[in-house]
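Enquirer: Heads up: the sequence lines are chains S and P, in that order. Take any residue in the first sequence, count from 1 to its spot, add 19: that is its number in the working numbering. 182 is the number that the working numbering gives to position 190 of the second sequence; each next residue is one higher, with no gaps.
If you're looking for bench data, these hints aren't it; they were derived computationally from the structure. Note that the coordinates shown come from a computational prediction; the quantities given were computed from them, not determined experimentally. Please note that a few of the clues may not be correct.
Per the computed footprint, the stretches of chain P lying under chain S, defined by three or more beta-carbons under 8 angstroms from a beta-carbon of chain S, are [to be verified]:
no.	stretch
1	20 to 34
2	37 to 45
Chain S regions said to be covered by chain P (calculated; three or more residues, Cβ under 8 angstroms) [as the list claims (entries may be wrong)]:
no.	stretch
3	43 to 55
4	89 to 100
5	132 to 140
Chain P residues, not near chain S, derived (Cβ > 12 angstroms throughout) [said to hold, decoys possible]:
no.	residue
6	A59
7	A61
8	L116
9	S131
10	G186
11	L188
We treat Cβ as the ideally placed atom computed from N, Cα and C, and that holds for glycine.
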Amino acid sequence: MRTRGAILLANIITGLALGYTVTNIGFGDFAELNRMFTFQDLRMILSFAGAVAILVCAFALLRVRRTPGRIHAGVIPGAVLFGTGWAISGGCPAIPIIQVASGYLPALITIVGVIVGIRLCRWANARYFHLDRGSCGL
Amino acid sequence: MSTYWPWWAGAIGLALVTINHTLITDRSLGVSAAWDRVLHWRRERELERMDEEFADDQALAEALAVATAEHFGTGTGTGTGASTVPQEPYEKSQPLEANAESAASERPAATSLRPAPLVTQAALLMSIFLGGFIAAVASGRFHLRYDMGPGFRDLVTADSTTMVAMLFVGGVLVGFGTRLAGGCSSGHGLSGCGRLRPVSLVATAVFFGTAVAVSFLLWKVI
Chain S
20 MRTRGAILLA NIITGLALGY TVTNIGFGDF AELNRMFTFQ DLRMILSFAG AVAILVCAFA
80 LLRVRRTPGR IHAGVIPGAV LFGTGWAISG GCPAIPIIQV ASGYLPALIT IVGVIVGIRL
140 CRWANARYFH LDRGSCGL
Chain P
-7 MSTYWPWWAG AIGLALVTIN HTLITDRSLG VSAAWDRVLH WRRERELERM DEEFADDQAL
53 AEALAVATAE HFGTGTGTGT GASTVPQEPY EKSQPLEANA ESAASERPAA TSLRPAPLVT
113 QAALLMSIFL GGFIAAVASG RFHLRYDMGP GFRDLVTADS TTMVAMLFVG GVLVGFGTRL
173 AGGCSSGHGL SGCGRLRPVS LVATAVFFGT AVAVSFLLWK VI
């Protein structure tokens, strides 16, 4: 059982390292992102795929606990909406933060949009969908 | 020549961040989940308070036993065995309202592990900003701008009003989509695919595939 202080420190280190790494890979640069999605430049997609390959091996070697997850009705429509929004705005939930940190002030609008979208989803799900959506992050 | 890291450095960097987080916290990394919890902090704080109140399973079992004994007028209610606790009323009391779905959906993992404290999730989001700022300044890429750069201007729009609308709509789709799908590129993409979770593999394939299709439309058609 990890203490609150240990988790806090770990999240601060994770946030700093994630922001630093993702910025240096180029995920905050819309042109780089579009080049990745249109396969004009494979550098970023190889970074992501390479990370997943390392993680598969590392998690297996370290016998990391597998969190449960089932394919529910919200997965595919949610992923389609997310993919569309990512290609249009250039931001997944962490990216607009580093875009602002890099000086792209209009990314603040993307952050406002993300906030509205997350709140809207919880409201709509409670009212209409009633999906047991699951969550990756704990 | 790109000033960004080569692919192998990026791969190692992303993997190390995720492995360190997983090992130290014993939890999955998920930025959209952190956003969700921080934005609904009142509800999450209430759930945390309830969690703390019932953190001691033994005390909870005893309290339920006492309440059951009082209700049915049997025994002294001091029994500690879980067998004296009727299961049905307790289970029925779990999904009290639809708004608790986030906690309820995480219940299988949370049977042995509760979600990370709310304040740590807020710290994660703020640290991402700080890490990004340090990287941008250190690499000399930090410039205050009122647009999203030449890439966005050429591929999406050069008009500032349309840019605001597109960024807002894109952000709403990202926020809504990631929460509906239950994760984003860090949660499903890195943590989930790294664990070979079927739901994460499907979600990642779909959101990458959709982003590829929309990006080709922006590049070639629109």
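Enquirer: Each hint needs a verdict: does it hold in this structure or not?
Expert: Consistency of the hints with the structure:
no. : hint       : in the structure
1   : 20 to 34   : holds (count 11)
2   : 37 to 45   : violated (count 0)
3   : 43 to 55   : holds (count 10)
4   : 89 to 100  : holds (count 11)
5   : 132 to 140 : holds (count 9)
6   : A59        : 27 angstroms, holds
7   : A61        : 31 angstroms, holds
8   : L116       : 4 angstroms, violated
9   : S131       : 7 angstroms, violated
10  : G186       : 3 angstroms, violated
11  : L188       : 6 angstroms, violated
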